[in-house]
Structure formats: C-alpha cells, structure tokens
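Engineer: As you go down the protein sequences, you meet chains A and B in turn. The opening position of the first sequence corresponds to residue 1 in full-length UniProt numbering, with each subsequent residue numbered one higher. The opening position of the second sequence corresponds to residue 1 in full-length UniProt numbering, with each subsequent residue numbered one higher.
These are calculated hints, taken from the structure and not from any lab test. The structure displayed is predicted, hence computed values, not measured ones. You may find that some hints are simply not true.
Stated by the list, open to error - Derived EDC-like pairs (lysine to aspartate or glutamate); straight-line CA-CA distance at most 20 Å:
no.	chain 1	residue 1	chain 2	residue 2
1	A	K328	B	D180
2	A	K39	B	E109
3	B	K58	A	D331
4	A	K283	B	D271
5	B	K264	A	E216
6	B	K129	A	D65
7	B	K129	A	E67
8	B	K89	B	E282
9	B	K101	A	E67
10	B	K213	A	E216
11	B	K89	B	D126
12	A	K48	B	E13
13	A	K39	B	E98
14	A	K48	A	E20
15	A	K283	B	D269
16	A	K403	A	E361
17	A	K547	A	E457
18	B	K101	A	E35
19	B	K58	B	E98
20	B	K417	B	E282
21	B	K417	B	E172
22	A	K320	B	E292
23	B	K129	B	D165
24	B	K101	A	E17
25	A	K403	B	E306
26	B	K264	A	E245
27	A	K279	B	D269
28	A	K48	B	D30
29	A	K39	B	E97
30	A	K283	B	E292
31	A	K39	B	E13
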Amino acid sequence: MAMNKIRGAFAVPRKGETFELRAGLVSQYAYERKESIQKTIMAMTLGKDVSALFPDVLKNIATGDLEQKKLVYLYLMNYAKSHPDLCILAVNTFVQDSEDPNPLIRALAIRTMGCIRVEKMVDYMEEPLRKTLRDESPYVRKTAAICVAKLFDLNPAMCLENGFLEMLQEMIGDPNPMVVANSVTALSEISHTAPETQALQVTPNTLRKMLMALNECTEWGRVTILSTLAEYRTADVKESEHICERVAPQFQHANPSVVLAAVKVVFLHMKFVGPELAKTYLKKMAPPLVTLVSSAPEVQYVALRNIDLLLQKQPDILNKELRVFFCKYNDPQYVKFQKLEIMVRIANDRNVDQLLAELKEYALEVDMDFVRRAVKAIGQVAIKIESASEKCVNTLLDLINTKVNYVVQEAIVVIKDIFRKYPGYEGIIPTLCQCIDELDEPNARAALIWIVGEYAEKISNAGDILGSFVDGFNEEFSQTQLQILTAVVKLFLKRPEKAQGLVQRVLQAATAENDNPDVRDRAYIYWRLLSNTSDSNATKNIVLSDKPPIVTTISSLPPALLDQLLQELSTLSSIYHKPSEQFVGQGRFGADAVQRAAIEEQLQNARENPLAAAAAAAVSGDTPSAPAQNNIESLLDIDFDGGAPASAHPEASGGMSGLEGLAGTPVRMQSPAVGSPAPQASNNLDDLLGVFGDSGPAQPSSSDANGSGAAGDLMNGFSGLDLSSNAPLADSQPKKSNQDIMDLF
Amino acid sequence: MLSGILIFNQKGENLIFRAFRSDCRPRLADIFRIQVISNPQVRSPILTLGSTTFSHVKHENIYLVAVTKSNANAALVFEFLYRLIMLGKSYFGKFDEEAVKNNFVLIYELLDEILDFGYPQNTETDTLKMYITTEGVKSAIANSPTDSSRITQQATGAQSWRRSDIKYRKNEAFVDVIEDVNLLMSATGTVLRADVNGQIVMRAYLTGTPECKFGLNDRLLLDNSDASGGNGMRGGGTSGASKTTRAAAGSVTLEDCQFHQCVKLGRFDADRIISFVPPDGEFELMRYRATENVNLPFKVHPIVREIGTTKVEYSIAIKANYGSKLFASNVIVRIPTPLNTAKTTERASQGRAKYEPEHNNIVWKIPRFSGQSEYVLNAEATLTSMTHQKAWSRPPINLSFSILMFTSSGLLVRYLKVFEKNNYSSVKWVRYMTRAGSYEIRF
Numbered sequence: 001m002a003m004n005k006i007r008g009a010f011a012v013p014r015k016g017e018t019f020e021l022r023a024g025l026v027s028q029y030a031y032e033r034k035e036s037i038q039k040t041i042m043a044m045t046l047g048k049d050v051s052a053l054f055p056d057v058l059k060n061i062a063t064g065d066l067e068q069k070k071l072v073y074l075y076l077m078n079y080a081k082s083h084p085d086l087c088i089l090a091v092n093t094f095v096q097d098s099e100d101p102n103p104l105i106r107a108l109a110i111r112t113m114g115c116i117r118v119e120k121m122v123d124y125m126e127e128p129l130r131k132t133l134r135d136e137s138p139y140v141r142k143t144a145a146i147c148v149a150k151l152f153d154l155n156p157a158m159c160l161e162n163g164f165l166e167m168l169q170e171m172i173g174d175p176n177p178m179v180v181a182n183s184v185t186a187l188s189e190i191s192h193t194a195p196e197t198q199a200l201q202v203t204p205n206t207l208r209k210m211l212m213a214l215n216e217c218t219e220w221g222r223v224t225i226l227s228t229l230a231e232y233r234t235a236d237v238k239e240s241e242h243i244c245e246r247v248a249p250q251f252q253h254a255n256p257s258v259v260l261a262a263v264k265v266v267f268l269h270m271k272f273v274g275p276e277l278a279k280t281y282l283k284k285m286a287p288p289l290v291t292l293v294s295s296a297p298e299v300q301y302v303a304l305r306n307i308d309l310l311l312q313k314q315p316d317i318l319n320k321e322l323r324v325f326f327c328k329y330n331d332p333q334y335v336k337f338q339k340l341e342i343m344v345r346i347a348n349d350r351n352v353d354q355l356l357a358e359l360k361e362y363a364l365e366v367d368m369d370f371v372r373r374a375v376k377a378i379g380q381v382a383i384k385i386e387s388a389s390e391k392c393v394n395t396l397l398d399l400i401n402t403k404v405n406y407v408v409q410e411a412i413v414v415i416k417d418i419f420r421k422y423p424g425y426e427g428i429i430p431t432l433c434q435c436i437d438e439l440d441e442p443n444a445r446a447a448l449i450w451i452v453g454e455y456a457e458k459i460s461n462a463g464d465i466l467g468s469f470v471d472g473f474n475e476e477f478s479q480t481q482l483q484i485l486t487a488v489v490k491l492f493l494k495r496p497e498k499a500q501g502l503v504q505r506v507l508q509a510a511t512a513e514n515d516n517p518d519v520r521d522r523a524y525i526y527w528r529l530l531s532n533t534s535d536s537n538a539t540k541n542i543v544l545s546d547k548p549p550i551v552t553t554i555s556s557l558p559p560a561l562l563d564q565l566l567q568e569l570s571t572l573s574s575i576y577h578k579p580s581e582q583f584v585g586q587g588r589f590g591a592d593a594v595q596r597a598a599i600e601e602q603l604q605n606a607r608e609n610p611l612a613a614a615a616a617a618a619v620s621g622d623t624p625s626a627p628a629q630n631n632i633e634s635l636l637d638i639d640f641d642g643g644a645p646a647s648a649h650p651e652a653s654g655g656m657s658g659l660e661g662l663a664g665t666p667v668r669m670q671s672p673a674v675g676s677p678a679p680q681a682s683n684n685l686d687d688l689l690g691v692f693g694d695s696g697p698a699q700p701s702s703s704d705a706n707g708s709g710a711a712g713d714l715m716n717g718f719s720g721l722d723l724s725s726n727a728p729l730a731d732s733q734p735k736k737s738n739q740d741i742m743d744l745f
Numbered sequence: 001m002l003s004g005i006l007i008f009n010q011k012g013e014n015l016i017f018r019a020f021r022s023d024c025r026p027r028l029a030d031i032f033r034i035q036v037i038s039n040p041q042v043r044s045p046i047l048t049l050g051s052t053t054f055s056h057v058k059h060e061n062i063y064l065v066a067v068t069k070s071n072a073n074a075a076l077v078f079e080f081l082y083r084l085i086m087l088g089k090s091y092f093g094k095f096d097e098e099a100v101k102n103n104f105v106l107i108y109e110l111l112d113e114i115l116d117f118g119y120p121q122n123t124e125t126d127t128l129k130m131y132i133t134t135e136g137v138k139s140a141i142a143n144s145p146t147d148s149s150r151i152t153q154q155a156t157g158a159q160s161w162r163r164s165d166i167k168y169r170k171n172e173a174f175v176d177v178i179e180d181v182n183l184l185m186s187a188t189g190t191v192l193r194a195d196v197n198g199q200i201v202m203r204a205y206l207t208g209t210p211e212c213k214f215g216l217n218d219r220l221l222l223d224n225s226d227a228s229g230g231n232g233m234r235g236g237g238t239s240g241a242s243k244t245t246r247a248a249a250g251s252v253t254l255e256d257c258q259f260h261q262c263v264k265l266g267r268f269d270a271d272r273i274i275s276f277v278p279p280d281g282e283f284e285l286m287r288y289r290a291t292e293n294v295n296l297p298f299k300v301h302p303i304v305r306e307i308g309t310t311k312v313e314y315s316i317a318i319k320a321n322y323g324s325k326l327f328a329s330n331v332i333v334r335i336p337t338p339l340n341t342a343k344t345t346e347r348a349s350q351g352r353a354k355y356e357p358e359h360n361n362i363v364w365k366i367p368r369f370s371g372q373s374e375y376v377l378n379a380e381a382t383l384t385s386m387t388h389q390k391a392w393s394r395p396p397i398n399l400s401f402s403i404l405m406f407t408s409s410g411l412l413v414r415y416l417k418v419f420e421k422n423n424y425s426s427v428k429w430v431r432y433m434t435r436a437g438s439y440e441i442r443f
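In isolation and in its complexed conformation, chain A is listed as follows:
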C-alpha cells in the first residue's frame, strides 16, 4: 500500500488496467508478477499500448524462471524503441545471460539482443556475439550466426569492422549441419542486401561442405542451402553434374518446399550437363511435381504456378499426367483456374478427347467464372491442336445449345478466335446468329458482329442483322460500336448494293452523334477510304486484306522474362509471374529510408528530451516514426490494390478486384508487349487497323496497364479491353492508393 501511495504522488491514474498491471508487476509475490507479465503481453497483442509499464516490466528481467524471462524479453523487443535509454538497464542481464551455463539461456540472450533495435544495445553486442559465435554448444552457435545478420541490418559498419562476416564464412565448415545452414542463411541475406560485401562466395570448398550438410540438416536449412546452390554459377560441367547428382535425392523429401527448391537447383544446373543426363533428370522430377498437386491447397497453388513456368520452358515433362490436374469439385477456385491453364498447356492429340470431355463437364457447372474459363480453354485447345478443332467446335455448339446465357456468350467469343485460325466452319454461323438476342456483353456482341462482317458474303441476311445493330448504335458499348462500324463497311465492300444506306447511317451516327474519339476517328478513316474514288480497290485491299492467322491463344511469357522467372522458382515472383522489382523493391527501400530517417530524428529528439520522445512514441503507438507524415509515407508504401478496382473496372469479372490477377492469366497479359508480339496480335480483331497489328504490341512496354490499355484500345480492338480489365496488381497508382488511405481513415 505504501508503494501505491508513493506512486499516487506521481499522478499515475489510480484505476484502470494499466494501474492494476503495474501493481501486479511490482508485487512481492513471484506468481503475481508472472501473471501480470502475461496479462501485459496479452494487452500488447490486443493492440493496447502498454509501453508505460516499461520500467516495471524491466524490473522482472533478472529471474531464474525461463518462461518469465522469455516473456520479459518479448515485451522488451516490442517496446525497446519507446524507452531506448532504459534499455541500458537490461544490458547487464543480457551480457550475464550470454555467459550462463545453460545453453538455452545463452542462445535466448543473444537471440533477443539482436532484436532490440536500439543503438545502445548494439554497442554492447560485440563481445557476447563474438563469444557465442565460438560457443561450444551448436545450438548457441546457430543462434549467434543468425544474430550476425541482425547486427548487419542494424549496423553494417560494426559488423564488418569486427570481422563477423569472416567468422560466419568460417562457420560454413562447422561440424554441425544446422550451424552450417544458419551461417549460409545469414550470409546469403547479407549478400543480398549488400552485394558489395561479397559475403557469400561459394568456392569448391564451401560447395562441398554445403552439399554435405544438405543431407543432414533440418528441412528448412535444406531450403536455404538449395536456394544458394541454385544461385551458384558452376565452374564446369563436372561441377554441375555433381550438384545435380547430390540434389536429386531431395526430390523425395516430405516437405514440398524442399522438393521445389531441389527442382529449382536441378532445373537450373541441368542446362550445363549433357542432353541425355538432362533428360533423365526431367523424367525424375515429373513424379515429385505431380505429388505436389495433392498437397494442401495453398501449397498446391504455389506448385501449380511453378509447374506453369516449368511447362513453358519444357512443355513435355508432364505429358502423361493430364488426369492429375482434373479439378475436384471442392477445390478452391484459385486452384481450379490454375489447373485449367495447365491442362491446356499439356494437351496434345493423344489426350485431347479426355480433356474435352472433362472441360465440357466443367462448362456445365454453376460457378460462372470457372465455367467461362472452361469454355475459353476449349477454344484454346481447338487452336492449339488442329486435329481436335472439329470436336472442339462441336462441343462448343453443344454448349451453345444449353442456352445458359454466360456459356453462350463466352462460347461465341471463343468461336470468333477459332474462325480466325480455321476459316472452314462457316456452317455453324446460322446457329450463332440465333442467339443474337441473348448477348448482352460487349465482348460477345462484338465477337458475333465481327463474324457477321467477316463472312458477310455468305450470310444472306447479314444486312438485316447489322441493320438492327445500327439502329441501336448509340446505346452500344464503344468496343461494340467499333465492330459494328467495321462490319458494316466490310458488308458494304462485299455487297455494295445491299448496304449503301446502312453504311451512310452508321458513319453518320459514328461521326456526328458519338463522343468517343476512337469511334469517331475510325469512322472518319473509313469515310475517307470510301470516298476515295481514284482507286476503288485500295479500300478493299486495306479493309478486306488477309489477316495473319493466329498461332495460339494460350498466353505465354516472353522468353527473357521466363528465364528470369525460372531463377526465382517457388518465390512470390514465380506466383505472380512478375520480376520481383515490380512488387517489392523500390517501394521497400524508399519506405525503409524514410523510416530510418525518422528513427534518426527520433533518437536525436530522445537525446535532447527523453520525456517528450516517450510521449510521442506512446501516441504513435508503434514505431517511433514521426507522427502524421511518416505514417502516410508508410501507407503509401502499402499500395492498396484490393478494394478499389472492383468499382474502377466494372469488367474485372464480377469485381474480383486486384486479386483476381493472381489466379489467372491477366497478370501475364500485361507483359507480352516486351518481346513477343504474337500473343497480343493474336487477340486482335484485325479490321482495318489490324494491318498495323505488328506495330500495336511493339509499343514501349509500360508497367502501367491502364496506360497501355488505353493506347492499345484503338490498335487492338478486343485486346484493349482485356488489358484494361486487368487491374494492375502492384503498380504504383498514387491516385488509387490515396483514395484507399482515405477509406482507411
């Protein structure tokens, strides 16, 4: 009670949780103190600010109870920054603990010290770290190894000066496999953040040691070692062969991440060994890859995205495994989508029947997005495998006969592509025209109109069909308008007698009553062409020119990007199919720099005026970043993409938001512009401007999908829509993130 009275004099509120906790923390009974520490941690987790208790918690640091010690350390790690000056009181305990006879305590001390990111603590770390790096217990050594990476993160200069990097490099030769693994981990982190240190130089000697540790260390250690091996450039063929030989047994490991890491190593080093040997390894990696498909859904998803990459490089490895990728009824959607893509990739003329039956089954399910993708996949198969095209078209016709609205629409879009590769299916046009009234999506309407225009000479009532569209011209979406325009002109050129009036009307509507510049411009171009009387064939040559046939509708990555991504197997890059700079990188370093500056400033403040600093930190609640401005900075770093796009892009298939990109093609659709015009050009509806199709995709690749989407619209007809519907995933879009920040507040 006396204690409490004195405290009262310091004007600490006498009620409330903080008060109770404080009373408990200084209680004379050990169990009460421990309980209070637990409650404090609980409050901390719930997001309450308990940093005011710092001195009282700190009093409990010297204890024999390991569990209590851990809790105090946990608290310390969280709030050290709010009381940097008080941390000095803990230093003594840490240094003592780091010499404790119990290795668990030694390790705990050095582990925690590295996590207390306060300059004063760093100054005292040197000695304990040096000692623990040479500790007799491997458990302490492996903890100290990681601690070097922590120290480097805090104070690289000190780390270098004290020769900790050299010590780590020596530790790759440690007899204990886990110490080896952690040393490699720490070194590889250091050399990634600061390549100039050349921290991790693999020599034949270290290579040998890592390969030895590989078979003995924990699964996670294996992943580290394997990742390092994957980055290693071998000196000669012999070395590559050796690495492959030693790593291949890891395909049989129970941990999927080890398997993927091993696949990565062998896949990358395989290039250098002889073709015969490489073939055996390819054969060997197929069964483990297939096994990954039966793991937990999230792991499966990672595996599937990686298999997708591997298949783009080596299309034949899973030729016989089609059935494995059949979707189960209750697979999560993201897995199903990915399986569909892979099935299309491994389709060949032997398994195509089986695949088509399966795809048809999917097309009759109820999940609309999945059904659409299944229908699309049928089209992709038709274009990929010529011998199967007829079966595919028949399947599509069957689907159209189901009269399910979205199935019909998707099927029409797909058939349009099929027409562009195989012109021989005019016979089905009447069937298509029957569903004209059911189409309400711009994509599907445009596709049908394109077909009508393209085959105007063979459709007796083409004039009537187009006529009805021209009547409602101004109510259509602009992309449909473009198609109507082109189709009418085609009809006019093919059968001038029938479409004279029609073409007048549509040009009139498009130029005088339309406010979309693309539509207007195209109409003007046609008008000019048609009024050109000097050479009547010129117009025909341009508008009705032969279109380049499409090769494939299966999206694939440009080879350069693919090779880059194969280096990144099983990382986030391999999931997004994007180089890492596009979603981490600049943003991160920018934010870090800002934060570092803020910490610096804060420390400065703290030196001058500890009380105010503590108060400021208490207010901001977390890191002592200077209040408003820096928070905004760090929020900008977190570029919300999830919420907004749904409304911004009504086409983002039912508002699946930016995430949608993860599951499917869209992400990749943005990138092909870099080197291969093929996939994009294939999407174009080559009308008049399609002649320039080659120049369309060659436009400078811009990371801003909206920009290229808008530019591409004119050139690419349909693909323009595809692009703009892909909400860019992680590109910086200041406007959107600003809006989101508003939402958050």
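On the provided structure of chain A, position chain B as indicated by the hints.
Structural biologist: Relative to the frame of chain A, chain B by itself:
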C-alpha cells in the same frame, strides 16, 4: 524472410502478433483484417499490397498469416504455416481460437523458438516438447544446464529427431499403412482418375539408436535385376503385358515416394533401400503415390432421373469389390439433391438414409459393409417450383469409408529389420487400412 506471424479469429481480432523484423508494423494487422477477412471477394491465399505480402491459411476458426516484405519463398511460407498448425495440434489437441487464447504465452514461446529473424529453425514436435512445455506437463529439465545442453545438442544434431538415451523394456515397432484412394468416375461409368495416396506411419518404441531397414513389394526394388532405365523411377518403357504379370506376382509400382527426414535419401536414390534411424514414438515414415492397378473397393451405379421440374428419382447401387472376409466400416454415401428440394423419401436395403437439408444431401450410412455384397438405395426428392428455373449442377456423389487389412494399391510390407548395437530382439506389427480420399462419382 518472414517479417511476422499473425493469428486472427474469424471476426478479425488479432490474437497473436509476433514481429520478427522491424518492418512488420502493428498496423499491418488492421490492413489484413480490412483487406482479407472482411473482404468476401478475396479468393487467393496470397495478397501483395505495396511491398507487403500476406500469405494466409485458414484452420478451424482461425487465420494464420505470414507477413513478408521481400520476394519470399512462397512454398516455404505456406509449408511453415501448415507446420505451425501441426505443432499447435500436437500441443493443444485442437488448434482453434479457444486454444490460442488459452495458450498464447506458449505460442509466443514456440514462435520464438521455431523462427529466428524470420527464418524457420527446428520445428520437430518431439524435440520442442522437451523444452517448451504446457501447463500440464511441467518439467524442470530446461532449467538445469546439463539436461539443456543435451537438449540443445539434439535440437541441432544430425539426428535432431532422436534422443540418444531412449530405453524400453520391450522393444516394439508398429507400422500402419494407410491409403487414401481417390476416384473420379464420369457419368458414363468410365474411370477418369483413380490413384492412391498412401502414407506409412510408424510408432517406434525402440531402445538406443536403432538402424532400421524397411522393405516393400516395390516393383523397382523387386526386379532391380531387369530394371531397364537406370535408376529412373519408372524404369523405362514397360509393356502392358509385363505390367500385369508383375501385378500378379504381387509387386506394385510406386509413382513417387517421399520420406521423413530421418530416411537416408541418398541410399534410396542409389539402390532403393529405405534405411533410417527412427524418431521416438509416432511419425510419418513415408508417403507415396500409386496410379497403376488400383483396386477400387466400391463400384457405384447411380441412376438419377429428373422427372419434369418437380421430382428427382434416385437409384444408387453400391457393390463391394473386396474379399468377402473383409468388411468396410462407416461407409457414408452423400448423394446431392437439388437446392429446391422440399422433401425426400428413401428406402435402403442396408443401413440408414437421411436427408440433410443444410448440405443438400441425402446421407446414406452403412456401419458395416462386408465384402462382395451389394446394397441399393431408392430415393425420391420432391422439388418446390421456383420462379427462376436454374439448371441443377449435379455435384458428384461422394463416398467415405475405411477398410482394414486392405490396400488399394496392393502394397505390402515385406520386412522391417532393426539393427542396434545391443542386438536386442524387437516385435513388429503391421496394419493396413484403406480410406476414401476424394471418392467421387458423377451422374
């Protein structure tokens, strides 16, 4: 690597927040709640916002979230989250909100131990249980230096999974071969996909540091002599004829196998010998996959007719395809009904059938299904008329069952040899069980 581990309940309350790096700020918890938990449209397990990536797994009624800031190894992140779930289950029995709330101190302790600076460390349950203990089993070992140096030795050693001083009066080893058989059958009765995911679980109660050798009727091992294609898993081109003769000779082709980390993978790769020093107690020795000659334990013949728009008639016949001396227990057949089912009538020749409106299912339970017998269910679902007549998607019929002493792949354990320097004799027991994995029949 990982910047932090967060655990949320279904309402989005943050139960556990453990940052491993300074870039994991408390605010991230709010962002995850807003962007994932309260956003019904999120369908991907990975979400990247700016430079922050959230990878989440849902288990029971909690979300386990890993925060990463760099181009992290996604496979490792998810595998780690699943390992955390496994640890949680083995510590608390059930890893749910309740368990997390009651044991948050222990969870922080565990996280501190299994992750250092965001890099996974030793996650072996048995080792961890030695020095991170629950309220119930409090032991003081961790506090005494001699014991703890032994513990740490083991936690990092080449055999991190086994203590050296294990003693049993009676040395026993139990081997359970558990197979999950997967089937996907089309409406026309053709088998689209049939395969077996098997696991071999071992419970070893053996003294000292025993070296075990384990033999299966693996085809590649049995005719190692005439295996053609080097040490390739599938051993070159095998003709259909030779396949069947081999099946008759009682060998199976394992498409792929994966082993517990105690198995010496190098040896398996070289001569397909499974040799290992087992952890103490229960562990999963290996997992395998087989796709050839799968014995399907049940044949299902569904006849489902939609009569007009108001009635669906079912006649489902199931025949047991295994020896008459065996029997399956807990056979449960789930037969989907249209969403607008009003009432159903069922008649089963064996077991009980019941309509479960909440799952849109008729559930037919047969507690004991002896081999070679055949049972039929006749049912009728009456539908209410709906203004929007949407086609019924006809989800597949689903079976679950378990059969003892039967393996769908035909796998057999040929031997388990234990070598130990004390040269004691040990008793080995083998058990086989086949369960339904995803056993689906379309109709």
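Engineer: Give a verdict on every hint.
Structural biologist: Right, here's what the structure says about each hint:
As the CA atoms of A/K328 and B/D180 are separated by approximately 15 Å, the hinted pair is consistent with the 20 Å bound. With a CA separation close to 15 Å, the supplied pair A/K39 and B/E109 stays within the 20 Å bound. Distance hint between B/K58 and A/D331 is fulfilled; the C-alpha atoms sit about 14 Å from each other, no more than 20 Å. With a C-alpha separation of about 18 Å, the suggested pairing of A/K283 with B/D271 holds against the 20 Å cut-off.
Between B/K264 and A/E216, the direct Cα distance comes to roughly 9 Å. Compliance with the 20 Å bound is thereby established for this hinted pair. Restraint check: the Cα-Cα separation between B/K129 and A/D65 comes to about 17 Å, which is no more than 20 Å; the hinted pair holds. Our distance criterion of 20 Å between C-alpha atoms is met by B/K129 and A/E67, whose separation comes to about 14 Å. As the CA atoms of B/K89 and B/E282 are separated by approximately 14 Å, the hinted pair is consistent with the 20 Å bound.
Distance restraint check for B/K101 and A/E67: the Cα-Cα separation of roughly 17 Å lies within the 20 Å cut-off, and the hinted pair is therefore satisfied. For the given pair, B/K213 sits about 18 Å from A/E216 by alpha-carbon distance, which is consistent with the 20 Å threshold. For the suggested pair B/K89 and B/D126, the alpha carbons sit about 13 Å apart, so the restraint of at most 20 Å is met. A hinted pair counts as satisfied when its Cα atoms are at most 20 Å apart, and A/K48 with B/E13 qualifies at roughly 13 Å.
With a C-alpha separation of about 17 Å, the suggested pairing of A/K39 with B/E98 holds against the 20 Å cut-off. Between A/K48 and A/E20, the direct Cα distance comes to roughly 14 Å. Compliance with the 20 Å bound is thereby established for this hinted pair. The hinted pair formed by A/K283 and B/D269 meets the criterion: a straight-line CA distance of about 14 Å does not exceed 20 Å. Pair hint A/K403 plus A/E361 holds up; C-alpha atoms about 16 Å apart against a cutoff of 20 Å.
Restraint check for A/K547 and A/E457: satisfied, since their Cα atoms lie roughly 17 Å apart, inside the 20 Å limit. Of the pairs offered as hints, the one joining B/K101 and A/E35 holds, with about 15 Å between alpha carbons and a cut-off of 20 Å not exceeded. About 15 Å separates the Cα atoms of B/K58 and B/E98, which keeps this hinted pair within 20 Å; it holds. For the given pair, B/K417 sits about 18 Å from B/E282 by alpha-carbon distance, which is consistent with the 20 Å threshold.
Taking the CA atoms of B/K417 and B/E172, the gap is about 12 Å. The hint holds against a cut of 20 Å. A distance of roughly 13 Å separates the Cα atoms of A/K320 and B/E292; the hinted pair therefore holds under the 20 Å criterion. Taking the CA atoms of B/K129 and B/D165, the gap is about 16 Å. The hint holds against a cut of 20 Å. Between B/K101 and A/E17 the alpha-carbon distance is near 19 Å, which keeps this suggested pair within the 20 Å criterion.
Under the criterion of a C-alpha separation no larger than 20 Å, the hint pairing A/K403 with B/E306 is consistent with the structure, at around 19 Å. About 15 Å separates the Cα atoms of B/K264 and A/E245, which keeps this hinted pair within 20 Å; it holds. Distance hint between A/K279 and B/D269 is fulfilled; the C-alpha atoms sit about 17 Å from each other, no more than 20 Å. For the given pair, A/K48 sits about 13 Å from B/D30 by alpha-carbon distance, which is consistent with the 20 Å threshold.
Distance hint between A/K39 and B/E97 is fulfilled; the C-alpha atoms sit about 18 Å from each other, no more than 20 Å. Taking the CA atoms of A/K283 and B/E292, the gap is about 18 Å. The hint holds against a cut of 20 Å. Of the supplied pair hints, the one linking A/K39 and B/E13 holds, its CA atoms being roughly 17 Å apart against a limit of 20 Å.
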